[in-house]
Each structure stands twice: as structure tokens, then as C-alpha cells.
Amino acid sequence: MSLLEHTGRQALSVDAGEIVSVLGAPGSGKSHLALELAFLARPRDGEVLFRGANPLARGRGRQTQRPRQVTMLVQNAEEQLFARTVFDDVAFGPRHLLLDDAEIERRVLEALVAVRLDPAVVRDRSPFALSGGERRRVALAGVLAMEPEVLILDEPTSNLDPRTRADFIELLHPLRGRAAIVWFTANAVEASQASRIYVLQDGETHEVKSGGELMHDWRRLAAAGIDLPAVYELAGALERRGATLTEAASPSEMREAIVRDWRVRRDR
Amino acid sequence: MIGETPRLLTFQAGDSVLHRLDPRTKLLATFAVVAAALMASLPLGMIVAYAMGACIGLGAVHLLPQLWRVLRPLLVLIALFGVLITIVTPGHAIIHIAFIVPTTDGLLLAIRLGLQSLLIIYTTSLLSISTPPLAIADSLQWAFGWLERVRVPVRDVIAMVAIGLTFVPLLIEEAQKVIAAQRARGADLTMNALLEEDSMGALMIPLLLANLRRGEELAESMEARLYNTGRRTALHQYHFRRIDAYAAAIVLAFLVAVAVVSFVL
Amino acid sequence: MIEVDDIFYRYPGSGEDALRGVSLRVEPEAVIGIVGPNGSGKSTVSRLMKGLLLPTAGVVRVDGIDSRTESLEVRRRVGLVFQNPNSQIVNTVVEYEVAFGPENLGLPSPEIGERVAIALAAVGLEGHEASECHSLSMADKQRVAIASVLAMHPRYLILDEPTAWLEPVARRRLLTEVVRWTRTRGVGLVLVTHRMDEAQICDRLYGMLDGRIEMEGTPEEVLLDERARARLALSVPEAYELTRELHAAGLPVAPGEPLEQVAEALCPF
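Protein chains in written order, with this note's numbering: chain A, 1 to 268; chain B, 269 to 533; chain C, 534 to 802.
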């Protein structure tokens, strides 16, 4: 039994300690799938099970309690900040868990540290005085402070400039120790860093066991409009001209395949 | 629950009779319906006025079920107000329940106001479903443009309204996103919780901020495209056609009928 | 030509200058890139070149016209497409939105129709005249925003992160079309970006950091400087790195060559 599971055509599952990524081109329905997994939208097909049970099965129309152990960082999460101080914003979630002040304090500070913000420096500042990247970290801290079992990330690095993006990715990976992570992205390299990868295409998911296996299938990914490293663009252009390239499990292997192919043709 | 963006009263492209009418005709017809609703007597005048509404509805029959779904909750609201008015209006008492005294005058007033509101809302909804906001704005401009000569800022006010209408779907989408984001971290955004100051801020502040910023950028973008720097022309000129003449004639006939029925009979 | 001479700009109510002594040039028909991290002042410079803001010190001249004395004329000549299409689109229908600019210019109806059609074709949205703007994807909205400025036939065009919302495949196509548009009409193009692949098609790059121009040079010069790239928060120029590695491996590839050309060179039909 998985920790969180989606049945239906867009099947996927995640277990404690894992990072699972969902790779899909813009417009493939990632955001809606993310909402379904977070119990914020009704699944169009199948159901979503948390620890094997569907919490939305009971109750009709009345707002049923979605499991608070499943949280989500929405796209451009920095836009959801609203409180007077960073502390208050991060504490917003835990306060809804009806914890006592000491526990809330502990969680907020701990969450800020986890996102590499110095609590002493930021706690009393207004969230709006921070940079975009910092604000997104505050939003992430707000979600981590809930101490969730599952953390869903909807394109966590979108709209960040390259430097901020790299920093953010670096702080996301260690989080797998705290919660199971489902990482939605449109970028193949980002997706390949997960332990398991689901490719979302034509309304269906297709599981891929590793980054290498993912890159093997680069032609299909390119056809789906997924962001791939430049070397695959060249590979595609070469194959359209009749070159035959050997299989490759990574961008660098692909580059070597291109070199080898050229040498073979040159020597003929 | 997040669903599809509700297609409330936003414009939907289509090919009904209403869609084919010149927007100015539709605007004038709307004014006529409002006038009819306001002067209609109970019960005969109101019946004719509703017949007028029904006839207009015939111009876009396929839109009616959708319209009904959207207006249904409004009926509840109107009914509630009706009850309030019945109780509050002084006059000939119907019955005494503790200190609550519904009156016949109140009841009549409630019925009249309710029927008027319903008819007006129905008609304006048909107008906005079948007419792009910009066309409505242009028609309003045509109808009230002369006020510019007496320093009334008609054009600016209309532009503001038109742009506001354009943004309704986007605002709804954004509200849904903020709600999802806050719920994703445990916020409870039911009516009860919203009345608690904390949660209200979680919903309103991100929306307000985003839209204030957007307002500024929109103004910049319009300025950047030289809005208000000279005489404006229009891509599509509006032309009255035969279908408009027929529609106008029908509406006028109904209006006269309502007047006659209400004041003479 | 757009001449920006040593401008300073401070936003009202701000404690410090957003721009400190920025100078640059945009020639007609040139493709200029302004790169740098968020907050470096790129968007502010765009607004100053467009005449939406006036410098607190220094001069902005477009074709010799000073933006402080004749900002309207400057705004007429310079087109600017902002980053977020949701903050630009004011009309419900695509056709009306693209016609908005020409209508403001007081052009006759038939000409407006023509300009709209051509602009939509340039961004790849022909046939979408009747579509509803807010039900389009972000990518298409961005195309609409660009088309609405193209339809005004500006003499200079500034695009702020023009492909931010586009799908990877569509990025190059849009940029190629826009560059073709500007080159055939002798329009000066400015791309404000932090994407290396966009920066690469420029004739000249200005790198901005903290309100100043940190470096100026051809894309190759900036690309070779790894430290500059890191400071300016530019993405790894993957395609460039690839061509360099292939070149180093002995293949007949010049570093910086466009990949289609590389494919042609390696595998001629």
C-alpha cells in the first residue's frame, strides 16, 4: 500500500522517503493532477488514496476534511504570502492544526532553517520586503511547518532566473527525508533526478524507472513538447537527415554517440 | 472544489439571433425592458413585460438553460429580500407573529420589486452573454457620448467598466488559485472561517496585491499603446441592419403595450 | 537610434537609485540584448527607453527626440511588450486586443484589419481572431501581447522576456519570426532576457547588475566569460557548450553555430 496513490488513467504513487517526479509539457494537465493529488480538486478519473483510503468518499457536497498530512506548494507560491511578518505567514498553517505556541514557534523556526533562511534575520520582516526567491522559500517554509507526510511541488522552479533556480533545487532534494515528494515539472533534467519518473502525456501517466531510461525515450519526450537538453535537439535534426545514432542514457552519452556516428560516416 | 472556471455572465461567442444584432440595438432594448419593468402594473403590465422578456429570450434559446443555472441562486436572494420587505413595510397587517408584522402593502411591494429585479437581471445577463464587453462599451459610448460635451468623463468610465468585465474570468481563476494555495496549507476557507480575520486576509491580501499591481501595469500597457492620445477609430464599424429594425419594432411594440396596459387599464 | 546617456532613475518613494549611470545604444535594424538577474534594472531601462518613465538624471533620445520634452513622440516610436501578458490584455477577443493600438492611432478601419491580420500571422496566431483572450494558454496570450504591439508598427521594439511562457519548441520559431519582422522593416529590436539562447541571436549584449551596465560585448565574448555569466545569472548556454565540445572533438563545427546548421554540416543530404 503506497502512502499516496492515484488510480485511474493518470496513475501514480509515492512512498515515504521517495522523490517521484511527474514530467509533462506545458498544457499537459500537470497542475490539475497536482490539485487532485492534494485533495483540492475532484479526480476526473479514478480516485486518490491516502494510506489506502479515499478521504473524499464520505460526505456529499459538505466540505469533507482533506487530510492535512498532504500539502502542496502551488506554482508561483510566493504570490500567496499575506501576513505582516514572515513568522506569522509561516505559522498560518500550524495555527490551523491547533498546536500550542511553543510548538508553533519550534516548527516555524525549524522550517525557516530548512529553507535556508536565517530565522533571526527574517522572522519579523514583512514578507513583501524579501526578494522573489526568498518569498518562495517562505512559502515553502509555510508548507513544511505543517510537518506533512507528502509534499507536492507544482513546478517549484518556474519563473526563477537560473541562479535562483539552481539554489532552490539544491534545497528541495534533502527534504525527501521529511516527507514523500511528488515533483511536477516540464523539464526533463529536473525530472530525471527523482527515484521514479512518471511521464504525463495525452492524459495518461507512464512510469519510467530511472533517469537513464527516461533519456532513452528522448524522441517521444521531444515530440510531446518537453524541455530537453540541447544535445537532443541536434540528435533530432541529425536523425531527420538520415543519421542513425546509438542509444544513449544521458545527454553526455548522446553527445558521444553523435561524435561516434560522424566519425563512422567520415571513415567510410 | 476547483472546477472549470464558471462561465457566469461573460461573453460567449455564438450564432444566435441575439448575437447577430447590433450591440446598440441590444442596449436600447435593455433600456426599454428596464423602463417596462419599472412602469408595469401588477398583474397585467408585468405579464406583458415578462412576455417581452420571453420574446427576447427566443433570440438565444440555447443559452437559456445556462442562464437559468446561474440565476437560480439569485432567486433565493430575491425571495429573502422579499420576505424582509414584506415585514418591514408599514401598512395593512396580514398576521401578527410576536413583533413581526408582514403587511399586504409589503407583500405587494416585495412581489413587484422581485419581479422587476428578476426581469432586469435576466435581460442584462442576456445582453452580456451575447455581446462582447467592448461592444457594450462602444454602445454605451454611442448612447451617452454627448455627455462628454458637458464634461462628464463618459469614455473613461466606460473603459473602466469594460476592462473590469474582461477580467472577471481571470479574477475568478486567480481566486481559485489562492484558495487552493491556502487550503493546501491547512486553511479552512468556509464561510465560518472567513469571518475570522486571519483567513480573510489569507484570501484577500494576495488577490488585492496582485490586482493592484496589475492595475498599474495595465494602465502602463494602455499608455504604452497610446490610449487617450488622440481620436480613436474602431476596427469594426457597427451597422444597423434589417434584423435590428425588426427587433427594435418588436421591443417598441411591447413597450407601448406595457404602457397602455399599465396606465390605461 | 535610441541613445541612452548616463541615466539615473529612482522610483518615487524609494531610498535608492534603480539605475546608476546607464548608457547604451540601439541602432535601427540591430538586435540588442539586455541580460542580467531579476532586480538588475532591466525592466526599468525598458520603460525609460519607451518613454513611460523619465530619467531623474541623464538623457534618453529616440531619433534625436528627448523623452523629457516629447515623451509622446518617443512612445509612438518605441513599442514595449511587458513580461506578463495577463497585465496587458484588456479585451476579451483577440482581434479587438490586437486592434487596440492601431485604433488609438486613429487609423482607418480597413488598415487596422490588415495590420491585425499581419501581426497575428507573424506570431503564429492566424485564424485566431475570434478567440477569447483569457481562455488562451499563457503561451498564446504572450503571442497576442506581442502581436498587439507589432500592429502599431513601432520603429523600435523592446521585448521583455518574450518567450518566458512559451513551450520550448515554439521559442525559437517565435524569435525567428520576430527578428524577421524587425529586420525587414528596419526596426531596432531589444530583447530583455536571462535566457542564453535568446541572448545568442543578438548582435550585441549589455549585461546589467544592480542598476549598472557591467559589461558590453558580442554574445561570444559574454559566453566565453564564465564568471560574467555566473554574475549575470545567465543560464548555461547549452547549445554553445555543445558546439564547443563537438569542435574540440574534431568535428567540423564552429562554436556558437546554430544547431540546424551543425546538423547540416555533419550530415549533408
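Keep in mind that the hints were calculated from the coordinates and are not lab data. Any given hint might turn out to be false.
[As the list claims (entries may be wrong)] Listed next, the stretches of chain B that the computed footprint assigns to chain C, with coverage defined by at least 3 CB atoms under 8 Å from CB atoms of chain C:
| hint | stretch |
| --- | --- |
| 1 | 374–383 |
| 2 | 397–407 |
| 3 | 491–505 |
| 4 | 513–519 |
Built from N, CA and C at the ideal position, the CB exists for glycine as well.
Practice task
Mind listing which of the numbered hints don't hold for this structure, in increasing order?
Solution key: When the structure is compared with the hints, numbers 1 and 4 turn out to be violated.
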